[in-house]
Amino acid sequence: MTAFLILLRRELSLAWGKGGGPLLALAFYAGVVTLLPMATGRAPEKLAAVAPGIAWLALALSALLSLERLFERDFEDGALDLLTLGPASLEAVAVAKCLAQWLASGAPLALAAPIAALALGADPKIIPLLVLCGLFGGLAFAFLGGLGASLALGSRRGGLLVAVIVLPLYVPPVIFGAGALDALNSGLAWTPGLYLMLAYCAAAVALSPLAMAAACRNALD
Amino acid sequence: MLRTVLIQDLTISRGERRLFSDLSMALRAGEAVALTGRNGAGKTSLLRAVAGLLRPEAGQIVFEDLEAETARAEHLHMVGHHDGLKSSRSAWEELRFQTLWSGGSPATARQAAERLDLVRLLDLEVRRLSAGQRRRLALARLVASPRALWLLDEPMAPLDAVHRQTFGDLMAEHLVSGGMILAAVHDPLPIPTRVAEIGG
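Protein sequences, first through last, are from chains S and L.
Sequential numbering of the first sequence, starting at 1, is according to the numbering used here.
Sequential numbering of the second sequence, starting at 1, is according to the numbering used here.
Be aware that one or more of the hints could be misleading.
[Stated by the list, open to error] For the chain S half of the interface with chain L, some residues (derived, Cβ under 8 Å), not all of them: (1) I6; (2) L12; (3) L14; (4) D77; (5) A79; (6) L82; (7) D123.
Hints are computed from structural coordinates only; laboratory data are not their basis.
None of these values were measured; they are calculated from a predicted model.
Backbone N, C-alpha and C fix where the C-beta goes; we use that ideal spot for every residue, glycine too.
Just chain L, with the same shape it has in the complex (with noise of 0.2 Å):
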């Protein structure tokens, strides 16, 4: 199980533009950090350095105990603005991949439907959902298939407000339960959180 990340003098850089210099971070098990900033100030950018998918100009990532290749293939989930659903194919196809691929089963699948409220939406193609009905389905392998790190970008943008309440529920039981929330985000979460501003 990860239990702790250690960003250290992280710089990220796009094309000839520097985002961000010499940023250090910790973050514990039951910890959530809600990484705030200007747009474009480089708070996607973080999350996808911390998940690997973009090298960092300096400084590293440390999964405590943990190999990097191994803590980001088993033990963090990414939930970014492009939910990676294919709209030709039926939320349950989407929902079922999604959370086999990172480790979950069926069985799995289904209960995270029932608690995000996507049971009824699971027979439609992906393309009929509403913004917020895709985003729910992209956020249920957070719970089908649990693993300690959440890696977020303004996962709550397009909720309503009974979804919010919804999915703030899930990101509290995930911190009772151990976890760790990093969350690029605009608004306040509703859970405890200490906040990071970036690139200021």
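One chain only, chain S, in its complex shape (with noise of 0.2 Å):
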């Protein structure tokens, strides 16, 4: 266990440091949270009904953002043998990888969320679930996309074959979360959304680890 939170305390440092870190993925979460209004039109009712989706999708989005150098950096650099030759399994690495992208990235950006739902002109209502979303939702993105960030590892095209990976894994949680959303805005049981959500996190958090352990074995290999 203290290994894991010394490993934990150094991919904070790194996911909070440079070139990454809350601020990018804030900056980047509102620019498509402004741009995609201008596609659908702008008209205020029109934008209220798509409020909720729009700031749940450029959650989804955003989440991709710094996931190519979540194993790559460890990869080039021969920090990877060193994380592989110490105390944790490497499945317990991974969890810790994840966790930290997610705390230095999804927590921020779940939190932000209501903002621009509301800005929008979303009904005020949908505030607490969208943070619930947001935030389990933001750990089965950072779970699926280490996994693809590992996939990837030693390609050279990297962050696009990331995003190519993970965007489809990403479709049922987006699926479930806007239709829990949805509901709710629409006055409908909006709890089996939530639920089926809430399931699909838990066996991402579960099983990505595993496969992540074996994709960093094989790329060391």
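Quick one: dock chain against chain with the hints and give me the complex.
Spelled out as structure tokens, the structure:
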């Protein structure tokens, strides 16, 4: 456990440091949220209808931002060797990395999402659900993103490849989350969508570390 | 404590190319083996196989009295030509992490920094260090958290004469205290070594 905390601290400092971190993700998020309404039309009632969806989808896109460096940096400079030879299993290393990624960008984004949704004219009653979806959906995005990043290890076109691997995996949580938000917005039962998303998130957190560890071992070999 | 490492009938291939086959050797407490051979002969691959980072095609590596997994997680250090240092972090942050990660404490990290003449550099970002300084920073964890087996890949290459001497002394002390060294080298090490030519 201590080894895990030592690593988490390092990963957070790397994720928070130069060339990444919450500010960049938030700026990108603000950009996407401003851009999407320009394509959908800016009539207030129309915007209010799509606002929760936009605020939610932009979270998924922003989660892609710094994935490329998640494993690649350590792979290139030899630190992945050191991490492999350490006291924690590679699975635990993968969990620490994804958790740090979530703390440094997923969680701040989830807290920023209500501001974006309100600015676009969304009904304030969706705010708690949006934050909840943002936090847990963000966790799923971080772990699935880590899976994509580990599978792309060693390829020259890392960034694009990660996005291509990861986007299909983002489809279910995006649909479930958007479904829950839409249901709440129109006064229908919103819990099924939320439960499905939470279940998907739980599966992603539980299973993807195994795949990430295997992908790292494979890349090092 | 790890006291013997046996490499048995090891065969390693990279892609289609066979680097070496049926390599066997034993490394016992207090011994150092210098791996020599032309570039690309498989010295680094052998070190990585011992560290468990690379799957050999055939043969095995036995750590006496220990599970291979435990031995690798707790009893060996590997310092390769990729030093694993993050250029955006300070030398102290990196040394501290590497030391804690391999079982040492901040105090032993500090002592190692003194031993390797790194104290003045600890506040600098790693990107500001020269190649030799970076290597010393990477080597510092050998001192900061004692482990029996050192796997070294060209450890001396970027070091200046003074620090070659320092590191030579460190290796000699490590052997005296029952440690083992397996090092890929082109120039002879300043300690008594057995030489093993790879891929002859």
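Is the interface hint for L82 of chain S satisfied, with its Cβ closer than 8 Å to some Cβ of chain L? L82 of chain S check passes; min Cβ-Cβ to chain L is 5 Å, inside 8 Å.
Is the hint on A79 of chain S kept, meaning its closest Cβ partner in chain L is under 8 Å away? Constraint on A79 of chain S satisfied, holds at 4 Å.
Minimum Cβ distance from D123 of chain S to chain L below 8 Å? Violated: closest Cβ of chain L sits about 43 Å from D123 of chain S, beyond 8 Å.
With 8 Å as the cut and Cβ atoms as the points, is I6 of chain S at the interface with chain L? holds, 5 Å
Hold the hint about L12 of chain S up to the distance rule: shortest CB distance to chain L must be less than 8 Å. Violated, because the Cβ-Cβ distance from L12 of chain S to chain L comes to roughly 12 Å (cut-off 8 Å).
Hint status (Cβ of L14 of chain S to nearest Cβ of chain L, threshold 8 Å): Since the shortest Cβ distance to chain L is 7 Å, the answer is holds.
Report holds or violated for the interface hint on D77 of chain S, using the least CB-CB distance to chain L and a cut-off of 8 Å. holds, 6 Å
Hint compliance for this structure: hints 2 and 7 are broken, all remaining hints hold.
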